[in-house]
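A.B. asks: Just so you know, the protein sequences line up as chains A and B, in that order. According to my numbering, the stretch in the first sequence is residues 20 to 92, in order. According to my numbering, the stretch in the second sequence is residues 280 to 426, in order.
Honestly, the hints are just simulated from the structure, not real lab data. Don't take every hint at face value.
Estimated spans, in silico, between C-beta atoms of each pair [stated by the list, open to error]: (1) F85(A) x P346(B): 36 to 44 Å; (2) L374(B) x V63(A): 35 to 43 Å; (3) G76(A) x L329(B): 23 to 31 Å; (4) H385(B) x R54(A): 45 to 53 Å; (5) L299(B) x P61(A): 53 to 61 Å; (6) L299(B) x M52(A): 21 to 29 Å; (7) Y284(B) x Q53(A): 24 to 32 Å; (8) V63(A) x R314(B): 20 to 28 Å; (9) H26(A) x A297(B): 42 to 50 Å; (10) H385(B) x V73(A): 22 to 30 Å; (11) T296(B) x R34(A): 41 to 49 Å; (12) R349(B) x H26(A): 32 to 40 Å.
From chain B, some residues computed to sit far from chain A (all C-beta separations above 10 Å) [claimed, not checked]: (13) F298; (14) A343; (15) R349; (16) R391; (17) K413.
Computed footprint of chain A on chain B; a stretch qualifies when at least three of its residues, placed anywhere within it, have a C-beta under 8 Å from a C-beta of chain A [as the list claims (entries may be wrong)]: (18) 287–293; (19) 302–310; (20) 318–326; (21) 329–342.
A virtual CB, placed ideally from N, CA and C, is assigned to each residue, including glycine.
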Amino acid sequence: MNARRDHDEVRQALREAFPPVDTALRRDLWPLMQRRFHAQRPRVAWYDWALAGVVGGAIVVFPDLFLVLVYHL
Amino acid sequence: MNHPYLRAYMAGIVVPTAFLLVVMGVFCLARFVFRVPVPIERVIVFPMALIPNMFGAWNMLHVALMPGRRLSIGAHGALLPFVLVPLGFTLGMLLGVINIDRDGVHAFQTVRLAYVAAAFVFPVVIIVYYLVWKYMVAFLNDVVGIE
């Protein structure tokens with residue numbers, strides 16, 4: 020009985036010492052995240068397609084390049 | 280939002296960490312299915328430990344630079360191979376998985392690249408990094424709210 024009362028007193032003392040934490044979000048973050056996901060992405064420039072083609076071509080011409088390339092990624 | 284460097288680090292490590300599955304898959308297939316004697320346990324430390332952390336740190340550096348002195352994110356990413364390729368090459372030499380002789384570069388006890396082919400490694404890595412940073416890391420930075 021005494022132990023229970025001691026626990027209650029300690030619990031009460033802790034509650035007084037530490038104010039309750041505000042865990043609620045101040046605003047809903049999901050719509051913001053969704054807007055970012057669905058925002059218009061910049062189109063891939065033609066020269067970037069060309070660069071990707073150069074990479075693909077190099078791997079086709081030198082297949083051994085692939086493992087070395089993977090090692091660096 | 281706070282903690283811009285933490286967000287930059289987290290956005291930076293996503294691509295190489297996810298791609299690590301591909302790297303592991305390629306090396307495991309080569310080693311255990313096609314019986315290619317690739318010493319995976321020695322080579323995997325570089326893509327697994329170093330590259331993701333370097334991506335994160337490099338993205339933090341991009342955020343830390345003043346906007347006026349900052350390169351575009353693609354160009355910034357294209358500079359990373361200037362650090363990573365010499366590191367990977369040195370580590371490969373030290374671990375005995377990359378050797379050079381008069382025939383060219385021997386890698387992973389399997390690949391033999393003549394000097395002409397080996398000369399393509401560095402530019403190709405730069406191009407891949409440029410594209411990855413311009414489109415993928417930039418997208419992730421945008422998602423986590425980094426300019």
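A.B. asks: Against each hint, give a clear statement of whether it holds in the structure.
C.D. replies: Now for the hints, and whether the structure bears them out:
1. Taking 36 to 44 Å as the suggested C-beta distance range, the pair F85(A) and P346(B) conforms, at roughly 38 Å.
2. One distance hint, 35 to 43 Å for the beta-carbon pair L374(B) and V63(A), holds here, with the actual separation near 37 Å.
3. The hint said 23 to 31 Å for the Cβ distance between G76(A) and L329(B), and at roughly 28 Å that hint holds.
4. The given range of 45 to 53 Å is respected by H385(B) and R54(A), whose C-beta atoms sit roughly 51 Å from each other.
5. A beta carbon spacing of about 27 Å between L299(B) and P61(A) contradicts the range 53 to 61 Å that was offered as a hint.
6. For L299(B) paired with M52(A), a C-beta distance near 25 Å keeps the hint of 21 to 29 Å intact.
7. At about 26 Å, the beta-carbon gap between Y284(B) and Q53(A) stays in the expected band of 24 to 32 Å.
8. Against the hinted window of 20 to 28 Å, the Cβ-Cβ separation of V63(A) and R314(B) comes to about 39 Å, which falls outside the hint.
9. Distance hint check for H26(A) and A297(B): the Cβ-Cβ separation is about 48 Å, which falls inside the suggested range of 42 to 50 Å.
10. In this structure, H385(B) and V73(A) meet the distance hint of 22 to 30 Å, their C-beta atoms being roughly 25 Å apart.
11. At about 42 Å, the CB distance of T296(B) to R34(A) agrees with the hint of 41 to 49 Å.
12. With their beta carbons about 57 Å apart, R349(B) and H26(A) fall outside the hinted range of 32 to 40 Å.
13. Look at F298(B): its CB is around 6 Å from the nearest CB on chain A, not clear of 10 Å, so calling it non-interface is violated.
14. For A343(B), the shortest C-beta to C-beta distance to chain A comes to about 23 Å, beyond the 10 Å cut-off, and the non-interface label holds.
15. Listed as outside the interface, R349(B) is consistent with that label: its C-beta sits roughly 18 Å from the nearest C-beta of chain A, beyond the 10 Å cut-off.
16. Interface exclusion of R391(B) from chain A breaks down, the closest Cβ pair being 7 Å apart, not more than 10 Å.
17. With a closest Cβ-Cβ approach of about 7 Å to chain A, K413(B) is found to fall inside the 10 Å limit, against its non-interface label.
18. Given as covered by chain A, the stretch 287–293 of chain B fails the check, having 0 residues with a CB less than 8 Å from a CB of that chain where 3 are the minimum.
19. Coverage of a stretch by a chain is defined here by at least three residues with a beta carbon nearer than 8 Å to that chain's beta carbons; for the stretch 302–310 of chain B and chain A the count is 4, and the condition holds.
20. Evaluation of the coverage hint for the stretch 318–326 of chain B: fulfilled, as 3 residues show C-beta separations to chain A shorter than 8 Å, against a requirement of three.
21. A count of 1 residues in the stretch 329–342 of chain B with a Cβ less than 8 Å from any Cβ of chain A is obtained; the coverage claim is therefore unmet, three being the minimum.
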